[in-house]
Structures are given as structure tokens and as C-alpha cells.
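K.L.:
Below, each chain spelled out in residue letters.
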Amino acid sequence: ILNVEQSPQSLHVQEGDSTNFTCSFPSSNFYALHWYRWETAKSPEALFVMTLNGDEKKKGRISATLNTKEGYSYLYIKGSQPEDSATYLCAFNTGNQFYFGTGTSLTVIP
Amino acid sequence: DGGITQSPKYLFRKEGQNVTLSCEQNLNHDAMYWYRQDPGQGLRLIYYSQIVNDFQKGDIAEGYSVSREKKESFPLTVTSAQKNPTAFYLCASSAHGVYSGANVLTFGAGSRLTVL
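Chains as they are written, first to last, in the working numbering: chain A, 48 to 157; chain B, 2 to 117.
Treat the hints with care, since some could be wrong.
Said to hold, decoys possible - Calculated Cβ distances over 12 angstroms to all of chain A for the following chain B residues:
#1 Gln-7
#2 Phe-13
#3 Ser-23
#4 Asn-27
#5 Gln-38
#6 Pro-40
#7 Gln-42
#8 Arg-69
#9 Lys-72
#10 Ser-74
#11 Ser-101
#12 Asn-104
#13 Leu-106
#14 Thr-107
Claimed, not checked - Calculated cross-link-like contacts (lysine-lysine; reagent style DSSO-like; alpha-carbon spacing at most 30 angstroms):
#15 A/Lys-106 / A/Lys-116
#16 A/Lys-89 / B/Lys-84
#17 A/Lys-89 / B/Lys-10
#18 A/Lys-104 / B/Lys-84
#19 B/Lys-72 / A/Lys-89
#20 B/Lys-58 / B/Lys-84
#21 B/Lys-58 / B/Lys-15
#22 A/Lys-105 / A/Lys-89
#23 A/Lys-104 / A/Lys-89
#24 A/Lys-89 / B/Lys-15
#25 A/Lys-116 / A/Lys-89
#26 B/Lys-58 / A/Lys-105
Keep in mind that the hints were calculated from the coordinates and are not lab data. Keep in mind that this is a model prediction, so the values were computed, not measured. Built from N, CA and C at the ideal position, the CB exists for glycine as well.
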């Protein structure tokens with residue numbers, strides 16, 4: 048079983064603050080890196096899929112970067128809003144299987 | 002609306018009983034997956050299926066069984082051989098198999114199984 052690590056485990060920020068999380072994964076056998084947002088009592092929803100080293104993706108106030116050579120991805124949220132409160136999961140795809148991190152739980156305080 | 006339906010949402014089981022969790026999708030996706038979530042751990046793969054009548058074991062398949070008789074359905078049976086079945090179970094699907102790098106997972110809302 049491959050090790051995918053996410054940090055921090057949890058995070059509390061004030062509304063309007065910008066924040067970022069990290070996903071670390073093995074630098075070998077890379078196929079794709081996914082980010083999902085999981086709100087309480089809902090299903091996880093896909094945010095980004097990145098396949099190339101140096102990829103940068105953006106959706107509104109949320110963006111992500113990818114470094115496959117060193118094995119990490121950053122997720123950034125600019126100007127956090129209460130509706131951003133969720134657990135953010137990353138998933139490392141080796142081409143055979145997805146390996147998930149434990150997630151970063153974000154709470155945005157109004 | 003297209004999506005994945007898991008049922009039941011909550012399930013209680015006595016030790017020694019088999020239970021089956023349902024997963025149905027109307028997305029016309031080829032691949033379906035079952036994951037298990039335990040506190041402090043990432044989602045772990047139990048079984049996956051890339052086409053009808055074919056499925057592969059994941060990392061924690063012991064004590065579980067699946068079938069894929071129809072494209073839309075991928076039920077998971079938790080057998081009495083599973084030593085620690087109390088957990089949250091998530092079903093997912095993707096348009097193509099996991100080998101397709103840009104493949105996005107669509108998830109159900111999950112089933113929580115508690116063994117009494």
C-alpha cells in the first residue's frame with residue numbers, strides 16, 4: 048500500500064483568509080493526482096485532476112499545483128468563505144489504483 | 002439527475018451475519034469501486050470492477066465479496082469472515098478504468114455499517 052500524506056490534518060481559518068494544504072505522494076509510478084472536496088453528509092466531489100508535472104488548475108478561488116518530480120501537490124483557497132468548510136482529499140493514481148490521503152479538514156469561521 | 006445511489010444509509014448487523022450494501026449508478030460508467038473509511042485513515046480499496054462480470058481485489062478484500070452482473074450495479078457483501086466490519090463504506094464509479102489518467106471518480110453518499 049502506497050503512502051499518501053496530507054497536511055495539516057485540520058485547519059481553522061477566519062473568513063477572508065487565504066490558506067493552503069499539501070499532499071505528498073511517491074514520485075515514482077505517477078499517473079495522475081486528484082483533489083476532492085467532501086462536505087459533511089454529502090458525497091466527495093472532484094475538484095481537479097492533474098497529470099503533468101507543473102500543472103496548475105484553477106476553479107474560482109481554489110487552485111492547485113503539481114510537482115511530480117518531488118512528489119507533492121498544493122491546494123490553495125483564496126479569501127476563504129464558510130461554504131469552503133469541508134474535508135479536502137487528494138488521491139494518487141498509479142494507473143492501477145487510487146491511493147487516498149487522510150484528508151485536511153477545513154473550518155472557515157465567519 | 003445522473004449519480005450513484007447507495008443503500009442503506011445506516012445498517013446494523015449482529016456478529017456472524019452477512020450483509021449486502023447496494024450501489025447503483027445511472028452514469029453509464031464502465032468502472033465501479035468500493036472503498037472503506039476508518040477513523041484516521043484514508044479511503045482504502047476493497048474491490049473494483051472495470052467491466053461487467055469482472056472484478057479485482059483491492060488492498061483489503063478479505064471478508065468481502067462483490068458481483069458485477071449489470072453495468073449499473075456493484076453490490077458489496079460483508080461476510081461473517083470480516084473481522085472488523087464496522088466502518089463507513091463508499092461506492093464510486095468512473096467513466097473508464099483507473100488506467101485512464103484523467104478519470105474522475107463519482108461517489109455515492111456512503112453506507113455506515115455497525116456490528117453490534
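K.L.:
Determine which of the earlier numbered hints do not hold for this structure and return their numbers in increasing order.
P.N.:
Hints 1, 5, 6, 7, 11, 12, 13, 14, 18, 25 and 26 not satisfied by this model.
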